[in-house]
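In terms of numbering that gives the first Met the number 0, the sequence shown opens at residue 0 and continues consecutively.
Just so you know, the hints here were simulated from the structure itself, not pulled from any lab data.
The structure displayed is predicted, hence computed values, not measured ones.
There could be a bad hint or two in this list.
Stated by the list, open to error - With beta-carbon atoms standing in for the labels, derived distance ranges:
1) Ala-36 / Ser-61: 25 to 33 Å
2) Pro-1 / Ser-165: 38 to 46 Å
3) Gly-89 / Leu-122: 16 to 24 Å
4) Glu-131 / Asp-30: 27 to 35 Å
5) Glu-116 / Arg-55: 29 to 37 Å
6) Thr-44 / Glu-131: 27 to 35 Å
7) Asp-120 / Glu-47: 23 to 31 Å
8) Asp-49 / Gly-115: 18 to 26 Å
9) Ala-152 / Leu-2: 29 to 37 Å
10) Gly-115 / Leu-2: 27 to 35 Å
11) Glu-131 / Met-0: 34 to 42 Å
12) Leu-3 / Ala-164: 33 to 41 Å
13) Asn-125 / Thr-44: 21 to 29 Å
In this text, a Cβ means the ideal position worked out from N, Cα and C, and glycines have one as well.
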Amino acid sequence: MPLLPEESQWELLTAAGLRNDFQAAWIEGDDRDAIAAELRVDATTTLECDLATALRWMGVGSPTPILWVGPHAPGWTFALALSWDGADFGALDRRVFDFCYARELDEFYGVPGVYGEEGLDDLYLNDDQGDESDLDPHLVAVGRLTGRFVDRAWLAERRTLCRVAS
0 MPLLPEESQW ELLTAAGLRN DFQAAWIEGD DRDAIAAELR VDATTTLECD LATALRWMGV
60 GSPTPILWVG PHAPGWTFAL ALSWDGADFG ALDRRVFDFC YARELDEFYG VPGVYGEEGL
120 DDLYLNDDQG DESDLDPHLV AVGRLTGRFV DRAWLAERRT LCRVAS
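Please construct the entire structure, taking both the sequences and the accompanying hints into account.
Right, dumping it as structure tokens:
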């Protein structure tokens, strides 16, 4: 795997429609049923869809969090929160790289779990709070640690749109 992706991670996500707030997690594990159970996903209300379809649910004001969940790389699952209430990714009993960026405030919160990891010394990783310019180095770090960067093929994959049970 190369040290850097072919394209800017944040620019790819922005071009795909993630222009506003962004809360997502890279969750260690391939067992999506177990991860869905830990996230308290309501299995009766799911839809397999692409990112463009999932983004139609962004900010709809759902009383319960809406997630888009699916494979990222071998050993890793990706979850995108589509409602700002989001999900409690920190409550998962497994390794998680949790991102949170509020565009309106231009505020990015550092990603717990990446600091101190080997092989990231060449990246400037602000470990507290930052702005939009801090996103790409953190996305590159997560790509290195999970074994896959975001790319156009990744963006085209279908994942599961679901609600978190209240």
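Contradicted hints - numbers only:
1, 7, 8, 9, 10, 11, 13
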